[in-house]
Each structure stands twice: as C-alpha cells, then as structure tokens.
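Protein chains: 2
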Amino acid sequence: MGTSAAQPTSERALTCICLEKDGEVLMFDAGEGAQISYLKCGLGWNKKMKIFVTHLHGDHCIGILGLLQTMTLQNRIEPVEIYGPEGIEEFIASNIKILNFGLSFPVIISTVSEGLVLEDKTYFIHACEAEHFIPAFSYLFQEKDKPGKFYPEKAKALDIPEGELWHKLQMDHEVKVGNKTIRPSDVMGEKRSGKKIGISGDTRPTKKLEDFFKNCNYLIFDSTFSNELKEKAIETCHSTAKEAAMLAKNANVENLILTHFSARYKNEGALLAEAKTIHSSVIAAKDLLEIEIK
Amino acid sequence: MGTSAAQPTSERALTCICLEKDGEVLMFDAGEGAQISYLKCGLGWNKKMKIFVTHLHGDHCIGILGLLQTMTLQNRIEPVEIYGPEGIEEFIASNIKILNFGLSFPVIISTVSEGLVLEDKTYFIHACEAEHFIPAFSYLFQEKDKPGKFYPEKAKALDIPEGELWHKLQMDHEVKVGNKTIRPSDVMGEKRSGKKIGISGDTRPTKKLEDFFKNCNYLIFDSTFSNELKEKAIETCHSTAKEAAMLAKNANVENLILTHFSARYKNEGALLAEAKTIHSSVIAAKDLLEIEIK
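Chain order of the listed sequences is W and Y.
Every number in this note's numbering is 93 more than the matching position in the first sequence, counting from 1.
Every number in this note's numbering is 93 more than the matching position in the second sequence, counting from 1.
Treat the hints with caution; some may be incorrect.
For chains that are exact copies, the list does not tell them apart, and a pair is met inside one copy or across any two.
In silico DSSO-like links for lysine-lysine, alpha-carbon gap of 27 Å or less [to be verified]: (1) K325 with K190; (2) K239 with K359; (3) K379 with K133; (4) K214 with K307; (5) K140 with K359.
These are calculated hints, taken from the structure and not from any lab test.
Construct the complete structure from the given sequences, taking the supplied hints into account.
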C-alpha cells in the first residue's frame, strides 16, 4: 500500500502492507495515509482484520488512528485486533480517548513478544526481534499445510459412497467401507505446503532474521538504501538492497520484494539492479502493487 | 490544503488550511496527510510556523504528528507553536513520547480559551467557541492596520530631510522640523485597514459566530452538507452550504469560501450553487487551492 521510508513523497505513501486471505485482511504497519491507500484498494471497511505493528515509529503506525476513525464512520461492527511491541496499547488507547473516537466496534490490542503471536485456523503468525533503534519485530505469516487434491474417480473406484465419507477423507480422516479401511492418501494427492511470507519492518540484516525467514516463498524486506550508502544504513539501523538480497539468498527465499525506499530515490532502478546481482527473483514494490500468491 | 470532512476521498485530503504572511505559515487544523499536501505546496520545512487546532477530532489534528516527524527528518531548528483546546498538550506530548520522535526543534503548546489567543507584530489571532460535539473553536486572523502610502514629494515640499525623520513619519510618529510639527497624515495617505480572515472549523452556524466574523474579508466556513441534508447537519453539528452563506451575508463577509465537504459529494457544484443564491461572492475550496489576498 505504501513503500516510502520515514517520510512520504508525492509518489510513495508511508509503509503499509496488506495480505488478504479468505476474506480476512492482515495488515503489517500502517503509516500516515494508510486509510487512503486502503480506500483505493477497495478492500472493504467491515472485513475481518488484524493489524501487526513492527515498531512504534510514527511512519509505521500513525495511520491506524485514521483507519479506526473512518471504520467507525463506515459503521464497522467487526472487531479489529492490533498486535505490536510494548507501548502499542498506550498509543492506541490514549489516542482513542484524547481524540474522542467513539468507536463503533471493539479494538483488541495485544503486546507482542518473540515467538508465536497467534494461531488461526489456517495460519500462524510468528514474531522475531529485529535490529532497529527501538524495540522492533519482524513477522512471519506461515500458512498451515493444505490437504492434497481429492480424486473422485479414485473414491468411486473404491466403492466409497459419495457424501459424508468423501468429506471425512477430504478432512484427512480414515474411513471404513465394509471391512476395508480407506486412507486419505488412497484418494488424494500429496499434501500441499502452506505458504511462508515474511515481513521485515525496519531492521539491519541479521543472522537471526536469516534463520527466521528460512524458505519463505515471499520476503518483503527493508531496502532503504543502495549499497553505496551502506554506512548510512548502519547508522540509521536499516538495510541496503544488496544486504536484503544476500539475506534472502542465504535464507533460501524464493521471491524477494524490496520496499521502504528512502525519499532520495526517485525510482527504484538502482536498488533493484544491485539486488538482482545477488538474488534471481527480486521485485521492487510500488504503492498499490498487488501480487497473487497461489 | 485539504477540503474533505471526516474521512478523505481519493480527490480530497482531510482539513488543513494555511495562511502565509511575511514568510510565516499559520496553519489551521492538520488532518491526516497534511504533510503530503504541505510538501506539494513547497512552503518549506524550516519556516516560522504556528498551528491552530479547532478541535480534537482526529481528522483535524492527526496530521500534526507526521508534520513534526518529517520536520525533524528535515533538520528543522525553528520552533513550532501549537494552539488548541484543552487536551492538545496531552495529544502532542504523549505521542511525541510514545512514538520516540526525538524532535530537532522546540514545540511550544498552548491551550486556547475564548478571546485573544495571541498578538504578533502585525496581527492578532482571536478564538470564539464554536458549536460542535466537543469543545471547538473558530479562529479569526486580524491583520493590524497598515500605515498609509508615504509621499516623498510631500515630505520634500515640507523641507523634511530624508532619513530618520522620514522613517519616524512612516512609523506613524510626529516629527519636528525647525518650529514646525509635521504629522504623519501631512505626508501619508489614509491608513489601510488590515485584512480579517475567519476560519470556522466544524460548527453549526450561530449568532455568536456571526458577530465574531463581522466584516471578514474572507471567511472559510464549514459546508459539510447541502441544505437538503439540513437535518443531518443539525444531528452531526455541522453546517450546510446555505447556512454558511446566510451567516456570511448577515456578518457582512466580503468573500465566502466553502470547505469541509462530505465524502458523498463527488463535486461541490450543488453546494456552491445554493450558497450563491444567498451570497454574491462564494468559492468552493479545492485541495491545494491558492488565493492571494491583497
């Protein structure tokens, strides 16, 4: 939704990343103006939603306030869950009070620590400490493995009557037909691995994050500077595009998405080029870029 | 800078009005995204600046946070003065603390009450209670009267030597030349009245505000709804375009500027039309509209 570091430019909004899955929106950070990008995307104001904040710098979380306010104006009733580092509750709760929000829906705020943040029916969210000025987390969306493809012709060949027994097999349970025990693998293809998607937030590249993001299908990583400005990246606790690519390569990441570009870069060409010398599948994010993950 | 009520649209940003005078920016409200509009205007990050907040709803003040943060990134050193209703200090101070701003310049926060807010060398700012859900103020910028035009030929004809005595006359002081007392009016034209510019913020139209805005050269007034939705305006403590025009007419306002349009209006045509049936000089504000006031 937004790809600019620290301050917005006339082309790039502040950091905001949304993952939509089964009608739910998982938002990672919401810089000022997130509601405008969200509006442009047309994702809907009453969707199931969780917001994960990487760290409490304004350019990563101020946008939550406007989102909550506009959702109230849109008569949202669905709760919003917000996760973030120590202080997230004070930030949200004190602004709701001072700014007289009068919310139309519940806001449930949780302070994150390293490890498993939550388990949903179809996915996990994990957090790992990042390396920034202030306490900061990277997040990992880990989809649960999905059952293999169901082959009706195999079920029919085994004389399994259509209906409840088919459903049980699809849900990964054995069934009995007469004396025969049918295993799910008799009528279904191999289990399909769940997708892994990593979001770094603001950070230096670290060995710990390399392990955390191991085998991600997609990794969205801090790419504030080009490698020429590596000193600046160290000084400001960010990463260069080259460093992002090296981490992704070492972590066996399938696809790397660079984001969080310094306002000094009018376009991302140089950053993309240096990352591509290291990693074979790199995209430079753009505001409102959509990627379908299958 | 922004003309949308309550929530932004893809065409209109949230409320923000800037008055630039002698290199100083007086900002009235700063909704989310104000820094983006401010950036587009190119007014400069290190200008002398005062911000006046009408009321503590998020769509009128959340933008201050991003402005302060970006000014720090731009190494601003000039102080920023912020004025607003009770709670303004808590809002700014608590966010500066929670969001780890590390400001590069002083922020001076003052709680406003009705009456004179401040006197500058060349202008006054007054506040008047508005009628909204929560404590809210309208503001009046009142430029001090300016001395009349100086006529050098008249000064020469009266044998007044150029230099200090001319300067004193221009500064509205009498001077003595030999035995003669020369009055400023002997060498200068009539005093020029200072401009009066009113900003309503969110409010119902009231008799009190009609008096407060008497004889304004420009009045920027809440025009959230068209008169068809007057009931809605009453219910939500806003004004219709027609009501804004009636107040402006009764207050003998020279030019009325409508703003703070509900997101339901794709364009302001209907609002402008109904106001024009009442008042002869009406403009519908647009984002980034600039008006030169002479």
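A quick look at each hint next to the structure:
With identical chains, the CA atoms of K325 and K190 are at most 27 Å apart between copies only, with a shortest distance of 25 Å across copies and 38 Å within one. Taking the closest pair of Cα atoms, K239 and K359 never come within 27 Å of each other, the shortest separation being 42 Å inside a single copy and 45 Å across copies. For a Cα distance limit of 27 Å, the shortest separation of K379 from K133 qualifies both inside one copy, at 14 Å, and across copies, at 20 Å. Taking the shortest Cα distances, K214 and K307 sit within 27 Å of each other inside one copy (23 Å), while across copies they are farther apart (63 Å).
Within a single copy, K140 and K359 get their C-alpha atoms only as close as 34 Å, which misses the 27 Å cut-off; across copies the closest is 25 Å, which meets it.
Hint violations for this structure: number 2 only, all remaining hints satisfied.
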